[in-house]
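Note that the protein sequences, when read in sequence, are chains A and B.
My numbering numbers the first residue of the first sequence as 1 and each following residue consecutively.
My numbering numbers the first residue of the second sequence as 1 and each following residue consecutively.
There could be a bad hint or two in this list.
[Stated by the list, open to error] Heads up, incomplete: computed chain A residues facing chain B, CB under 7 Å, no partners named:
id, residue
1, 412
2, 414
3, 654
4, 668
5, 670
6, 726
7, 924
8, 926
[To be verified] Derived CB-CB ranges, DEER-like:
id, chain 1, residue 1, chain 2, residue 2, range
9, A, 362, B, 26, 35 to 41 Å
10, B, 26, A, 131, 39 to 45 Å
11, B, 166, A, 536, 55 to 61 Å
12, A, 680, B, 167, 43 to 49 Å
13, B, 128, A, 372, 57 to 63 Å
14, B, 167, A, 776, 42 to 48 Å
[To be verified] Residues of chain B clear of chain A, computed beta-carbon distances all greater than 10 Å:
id, residue
15, 78
16, 83
17, 111
18, 208
19, 243
20, 253
21, 273
22, 274
23, 279
24, 304
25, 395
26, 424
27, 451
28, 463
29, 490
Hints listed in this document are in silico derivations from the structure and should not be mistaken for laboratory results.
Glycine residues also receive a C-beta, built at the ideal position from the N, C-alpha and C atoms.
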Amino acid sequence: MTKILFGLKTLYFGFALLFTIHAQAQSTAVTGTVTSADDGFGLPGVNVVVKGTTNGTVTDFDGKYSINVQDANATLVFSYIGFTKQEIPLNGQRVVNASMTEDATALDEVVLVGYGTQIKRQVTGSVQTIEAQELADLPVSQVTQKLQGKLAGVQINQTTGKPGQGMSVRIRGQLSVSGGSDPLYVIDGFPISGGINTLNPDEIEDITILKDAASTSLYGSRAANGVVLITTKKGTTGETNVSFNTSTGIQQVPERGRIDMMDAVEFAQFKKEYYEDQGDPVPEIFQDPSQYEGKTNDWYGALLRTSPVQNYNLTITSNKEKLRTAVVAGFFKQDGVVINSDYERYSLRVNLDYNVSDKVRLGFNVAPSYIKDNTPRSDGDRGTGILFNALHTWPIMPIYNEDGTRTTFNRFPADTGNIFSYANWLTSAEQIKNETQDVNILSNAFIEYEPIDGLTVKTSLNAELYNRQYEFFSPSTATYRINRPIPTDAEAIWEDRKDFSYLNENLVTYNKSFGEHNFSVLGGFTYQKFRRDFSRVAADTFADDRLPTIQGAANINRGGTYDSVQEWSLVSFLSRLTYNYKGKYLLTGSIRRDGSSRFGSENRWGNFPSISAGWIASDETFMENQEAISLLKLRASYGVTGNNNIGNYTQYALINNTVNAVFDNEFVPGSAVSSLSNSNLGWETTKQFDIGLDLSLFNDRVSFIYDYYTKNTTNLLYNVQVPRESGFTNFSDNIGEIKFWGHEFALNTVNTTGKFRWTTNANISFNRNEVVSLAEGIDRVYGTFHITQVGKPFGQFYGHLSDGVYLNQQDLDSSPQVPGRSTVGSIKLVDVNGDGVITRGGDEDDRAIMGNPFPDFTYGITNTIKYGNFDFSVIGTGSQGNELLIRHLYSTANLDGVFNLVDGVKYRFRSEENPGRGFYGTTVGGGNVTGIERDWINDRFVADASYFNIRNITLGYTLDGVEKFFKSARIYGSIQNVHIFTKYWGGPNPEVSGESDGDGDGGNLSQGVDLSGYPVPRIFSIGLNLNF
Amino acid sequence: MKKIFLFLAVLGVLGTGCEDELTIFPEDSLSVPTFYKTEVDFEQAVNGAYVPLRTIYNQSKAYLGEMHSDNTYYARNTAFGATEQQEDVADFAIPTDNGITTNNHVTNIYVDHYAIIARTNQILATIDDAEFDNAAKNNIKGQALFLRSFSYFDLVQFFGSVPMHLVPVLSREDAALPLSSPDDIYTQIIGDLETAISLLPPKSQQDPGRVTSGAARTLLGNIYIVREQWADAETQFQAVVDSNEYELMPNYEDAFSGNSDNKNNIESVFEVQYKEGPEGLNGSFLYNFLPRPMTADEVGAVTGTSNPQPLNGEGNNIPTPDIIAAYEDGDLREDASIQYVTASESFWRDGVYPIIKKYVEPHSLNGNHGMNFPVYRYSEVLLFLAEALEEQGKSGPALTHLNTVRIRAGLGDPVGDLGEAIFRERRVELAFENKRWLDLVRTGRAIDVITAYGNRIKANPNDYYYPEGAEPRGNAFTNISLTFGLPASESSLNPNF
């Protein structure tokens, strides 16, 4: 380390000449040396300022400085990041040396825990905090995007590139079969009803992730997926600060990762060969593929564009007398890289704290935001997502007519094999409106009273109002569907959603010490209620595209028109006792009791206790001599949490009264029982054990955190299938068990200190799960492409295993076949059950597990370097061992030549002499033969999606000589998604994780399906931070 | 500290009042405890019990009852895959293992009939406790009993032994029942239908389209025919004839419903009710029964809609050369039942295919039409009666009833054996009304007729709509079985099969 320091000091010398501002010589020169108290070496780059003036300098590479002062009795202020600020009065001295000590306050740092704060050193749960400052430069709209790679044990995936959408956050791999798996988000103590994708990241002060049950169990029946606590900016002590942050950038989809499709010549060549191999005459348009040279119509590429992104934030914090204020105003605008997609966010937050007296404090926070977002149906399966549609459209179909105008509709004669006809996707993307407008108002008010020292009573009222309006309009000149001639019937959907949630929280805390025994007690009662009113109107057949109003529609689509009300209420009692002896033996116990309207009438209340203990071994006398060890803490915790995402009315047997009938051409209303009731329905229960180690070495130059957890989730909400002879398809019950376990490692190192300060944060997480049991008598659940099976990890890819193609007649004769369908050159599937025949489904099923959407491990590494006025950071994130199912291959490797094809199909089996690469089979025989390869999902659809993404590189420079105008000014340049290292070939985004597989089969059971959605762009941006 | 406990105690008292706050019934739907009380509730409930018939008759019943015979076949489109579900039905190649199959259409018929059974069970279990007008109650009960019996009759004919649910399922444990034998099922539904006959009004006093005492007698008679209880069958059909509630329409083609008119006409005993429009009450079976691909214009020429859309995929339920040949010379029904359409982009010959004309009616919305699907027509009552009489050696009156049907078709006395003549007559009179397969089964002819039919297709695939060079699949006509396998999806959930 010393060597590095030395080398860098030398390097510094050159820069020092360039950037040091020399104070003007006027009167007395004061000189001195600033050293590190730790090792006695000189500290370069320390700011030395005459207190109360802008007169200052920095130390050179030996720690020496010289400054001219007018007042012989002035005070010098020495400051340096990571060290305690020092003020030394001159008292007439000409030589002032300073010895800087490293800032030890980090040890007494306070962290947020549920319903309170704790000294970080004394926390016994698994908790990780991120300061928003660390995330500031990333030019993305969502907080969760910024957190990627920063947190051990938290897997954050960006499943689509749609602006403002698609972040999936899973803490410790938590999954539920049918309940939600998103963590609970708590903003300034208010558990909000949804996610945080609308929150302006600049409003955030810090984010704390609660991972183990000891830290989450106070959130009771909502805590099983982990809890994310967000603190917004507050007025800091001291002066008024005004800061203005802005960045602007351009986004583009990198070439790498785009799916390698056939160009027009290759496609025509394929079609030509298709007919030749079949022994059929080649249609005229395919007879001479070379005619398409240079005439490829890249439908997919045509939908993409390079587009701008910009972000402006103005923050004012102040602390005047008894009033502390923080105001954050933000504007974010991102035009998407798919045409006609854009996202705008206007946000404001005002946080006020007022000390009425020494004993009474009041607070008000209000945060309105408005978001407008349009994405023209880009994502989805064939026939529902424009990107997928464009991907498989024939490259010989013209985007433009010869006169340069757009084509409206492309359909080739049936003898060309064109059975799917297409609208012009450019026109579709441009003209289809698919717009949401969100208004969100989050507000809190509280009063806190401290009647006696150590006792605090706090009552708060929190409200969340959320309104979403959705408008979809597809004019007669556009469609996202396939086989829909243009002009078509215009279609429209309007949706209106209003959510209102309020929470009353009453907390009492009492802190008391008796000698070395320190206690803290918390008690509380909370009541929360939520209501959603939703209405939807669907209409079609408009008289005029310019009037997409309801009254303009000839037809209201009754099936798509409805309204609904969703409500829940939650009543809770909570309590926590924290105790420590001498600050090194730590014990915490807590319990929450939740009553919820979602739970069945026979099972309305649940208890969620936890206990945790910690031991700071490094504070023991026998460790005193271990100079290197600044902190050694052992922790263990156990607790119970719940997941109440089970639907609001699942317990009731409901009547569907839209089962309408007709008699003699007259409509009559009808009804039927649509579900079975379950008055015992309850929450999902997760019991988690965590053991952890916190170790800091060399005065916290190295800190290391390790956690091992194991948790069992039981009483899974599960729609147990019942035989349909009952008239029902399923019964909602709490059933089954999944076991999760994992290891998390986080390492922070300060590699160099001083003028060249280099820190590294790295983390790696291993999460595993196994299904212990499902419903009685059921050992597996099938999805379209997945299986969840007892004894195996959750949601594995399930299908046929393949073994090349049948190379010749002898190979065919001697191998198991699909009766009546297998031929020479067709896909050879593995006869898993060994009965000599390939079967799909039923008792003789030959399908098997063919892949795993879950990674072996995920990791992140962030390097930050500060060198004088420069700062530089690189963030990398990675995932290893996960696979994806490339769903679009059912179109893009359809051997019947119905769609455009992936490049690899060029190397298919054509004859015994020309067997290709054994991956794609023969085109001869039509759907009866090729259908197996395409429709019987097999391991050719599965690909390794391990990746390492250089998520962000930022280089910043803090300007000197701006003191007249600003407190500080910094400029930076940043590149987001610099490069993805991956072997994944199915699409540009190896993080894509189909929340829904496009076949109506969604949720956690069906993860990792790539439908070729909205690509995630690379963003080049520059930014400016100004402080006034 | 005392203050804390006091505070918590106060909160505790507040908390106990919260039980009410925790009971939230859905505002946007009714739940079982509050429903099934009034006449209106039960009327809605019985209306809901008819609903699955729309799905059954829109597609799967036609495939299992008609295309699963020598009357219709599919029009092979070699450019299109993923068609094996229908092809397997038409080709007698449904993969069946241990009496279990994954075929969609087989599964659909099964689950849709059980939906009717569950809905009628819910009515029958609760209606006696409700207090409202007795006549209305009897009518609803009669309809429910009819519908449940109708579903079980279809199930027992298609599958043989099936689970017999007679009360609503309330918990997971009650959901799976063991298989009941056909005899037990027949005993149950014969008894139920006798009750239904006594509860239901005749056609003239019933809301048009709902089941009547005449429909219940016809269903019961049909059961007796299948059971070969000829005298019992005769009693029921004679009662229908004697009720004077029914007549043949003068023209055969007028026996079938129009898109919005001529529904539930004087010849109609029971038909599945549809309605064109956006309410979701429509059928689309005409489109299922067209060859493919067809251009928008070609579709429009058949359907008469203003917004025709092209059709792709593979067409089903296309009349075979066999059924076309089965019409005697001069039979007016041939032109009323079959017409020819052009699918110019087809690869088969010149693309001119026969299609079922009975269900071709002009309508306005593409893929959305209102024609009803006939289940029982009076002409079938007459043919059933003729059959029951003939089987008892009463050939004189049998011939009279047969000739009533033949005269309308422009034909004279039949030739040859009277029993055979009645059977031939059923084929053409009731062509495409989902009768053929079950007739072949109940008369013991299925294996022979279908084997010969399969051989004809394999010998001359081009005659059966295979494009030049295309061949039937290797598994075609390898599983000619009198019943369908039970659905695999049900087998995996019911430990009894």
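Hint by hint, here is what the structure shows:
1. 412: Interface hint status for residue 412(A): violated (11 Å vs cutoff 7 Å).
2. 414: At about 3 Å, which falls below the 7 Å cut-off, the nearest Cβ of chain B leaves the hint on residue 414(A) intact, so it holds.
3. 654: Holds - the Cβ of residue 654(A) comes within 7 Å of chain B, reaching about 5 Å at its closest.
4. 668: Status holds, d = 5 Å.
5. 670: holds (3 Å)
6. 726: holds (4 Å)
7. 924: Hint violated; residue 924(A) Cβ to chain B Cβ min 11 Å, cut 7 Å.
8. 926: holds (5 Å)
9. 362(A) x 26(B): 35 to 41 Å: holds (39 Å)
10. 26(B) x 131(A): 39 to 45 Å: holds (44 Å)
11. 166(B) x 536(A): 55 to 61 Å: Violated: the Cβ-Cβ distance is about 39 Å, outside 55 to 61 Å.
12. 680(A) x 167(B): 43 to 49 Å: The hinted range 43 to 49 Å is violated for residue 680(A) and residue 167(B), with Cβ atoms some 22 Å apart.
13. 128(B) x 372(A): 57 to 63 Å: holds (58 Å)
14. 167(B) x 776(A): 42 to 48 Å: Roughly 23 Å apart at Cβ, these two residues miss the hinted range, so it is violated.
15. 78: Given that some Cβ of chain A is not farther than 10 Å from that of residue 78(B), nearest at about 5 Å, it is violated.
16. 83: Nearest chain A Cβ is 7 Å from residue 83(B), so the label is violated.
17. 111: At roughly 4 Å from the nearest Cβ of chain A, residue 111(B) sits no farther out than 10 Å, so the non-interface label is violated.
18. 208: violated (4 Å)
19. 243: For residue 243(B), whose nearest Cβ neighbour in chain A is about 20 Å away, the distance exceeds 10 Å, so it holds.
20. 253: Label holds. Min Cβ-Cβ 19 Å, cutoff 10 Å.
21. 273: violated (5 Å)
22. 274: violated (7 Å)
23. 279: It is violated; residue 279(B) is separated from chain A by about 5 Å at its closest Cβ, not greater than 10 Å.
24. 304: holds (17 Å)
25. 395: The claim holds: residue 395(B) sits with its nearest Cβ about 39 Å from chain A, beyond 10 Å.
26. 424: Given a closest Cβ separation of 33 Å, the condition holds.
27. 451: Given a closest Cβ separation of 18 Å, the condition holds.
28. 463: Nearest chain A Cβ is 20 Å from residue 463(B), so the label holds.
29. 490: violated (5 Å)
Hint check: violations occur at hints 1, 7, 11, 12, 14, 15, 16, 17, 18, 21, 22, 23 and 29; the rest are consistent with the structure.
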